[in-house]
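Please take these sequences and the hints and turn them into a complete structure.
Protein chains in written order, with this note's numbering: chain P, 3 to 113; chain W, 975 to 1086.
These aren't lab readings, by the way, just hints derived from the structure by calculation.
Remember, it's a predicted structure, so these values are computed and weren't measured experimentally.
Among the clues, some could well be false.
As the list claims (entries may be wrong) - DSBU-like mimics (lysine-lysine), calculated; alpha carbons at most 30 Å apart, straight line:
| no. | chain 1 | residue 1 | chain 2 | residue 2 |
| --- | --- | --- | --- | --- |
| 1 | P | K69 | W | K1031 |
| 2 | P | K5 | W | K1031 |
| 3 | P | K58 | W | K1031 |
| 4 | P | K110 | W | K992 |
| 5 | P | K58 | W | K1039 |
| 6 | P | K100 | W | K992 |
| 7 | W | K1031 | P | K100 |
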Amino acid sequence: QQKVQQSPESLSVPEGGMASLNCTSSDRNFQYFWWYRQHSGEGPKALMSIFSDGDKKEGRFTAHLNKASLHVSLHIRDSQPSDSALYFCAAIHTGNYKYVFGAGTRLKVIA
Amino acid sequence: EAAVTQSPRNKVAVTGGKVTLSCNQTNNHNNMYWYRQDTGHGLRLIHYSYGAGSTEKGDIPDGYKASRPSQENFSLILELATPSQTSVYFCASGPRGEDTQYFGPGTRLLVL
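So, in C-alpha cells, the structure goes:
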C-alpha cells in the first residue's frame, strides 16, 4: 500500500470555483509535505510546502496540515483553466528527508 | 529558476539492450534523483545521490544502476532493458533534503 494516499483521483470545477485536494500519509515518519503541479508534457513543479500545523497561504493557493492525522489539503480559489493539471502530494521523511509521492489528482477547470 | 535538462527526450529500445538516460543540472545542487512515472503510481524513486561519486538505492532500484561522475551529471543505466521498464523517467535536483526538487522535462522510454 502506498504511504501517501491522494483523493480524489480526478476533479472538475468551474472556472472561478474552489478546488479542494486531499492527501494523507500512513507513516508518522513522513510529516513534511510539498504540493507539486504537472502540466501535460512537462516535469512537475513545486507549488508550496507545509511543515507546520495549520494553514499556509500563497496567492490563490492555501494548504492546510493536521499533523495529528497526517492529513494535508490544498485549496485553490478562483480556479483558472491554466490550473488544469496533475497535482502531486509529496511526503518527506523527517529523518532522512526522503520524498514519497502520491499517485496524483487530476484537476480540470471548465471554462 | 533551477535548470535541469535530460537527454534523450524520447527513446525506443529493444528488450535486452542497454539504455543510458542522462541528466544535467547547472545549479550546483548536491542532491539528484531519478524517478519513473506511471499512471496510478505517481512518481517512484529509483536512485538518488548526495553528491559526486555517491549513489543510493531508492524504492524501486531493481534493474537499474546509477552513476554520478560529477556535481552536474547523473545517469540512469538499464543494463538489460525489459518491456516493464517502459515509462516516463524524470530527473530532479535539489539543494538539500526537505527543500523543493527541480524536475527536468522527462524522457519517454519505450522498450519493445
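Outcome of the hint check:
1. K69/P x K1031/W: Roughly 28 Å between the alpha carbons, so the hint for K69/P and K1031/W holds.
2. K5/P x K1031/W: 18 Å, holds
3. K58/P x K1031/W: 33 Å, violated
4. K110/P x K992/W: It is violated: about 39 Å lies between the C-alpha atoms, which goes past 30 Å.
5. K58/P x K1039/W: Violated: K58/P and K1039/W sit about 39 Å apart, past 30 Å.
6. K100/P x K992/W: 28 Å, holds
7. K1031/W x K100/P: Holds, at about 11 Å.
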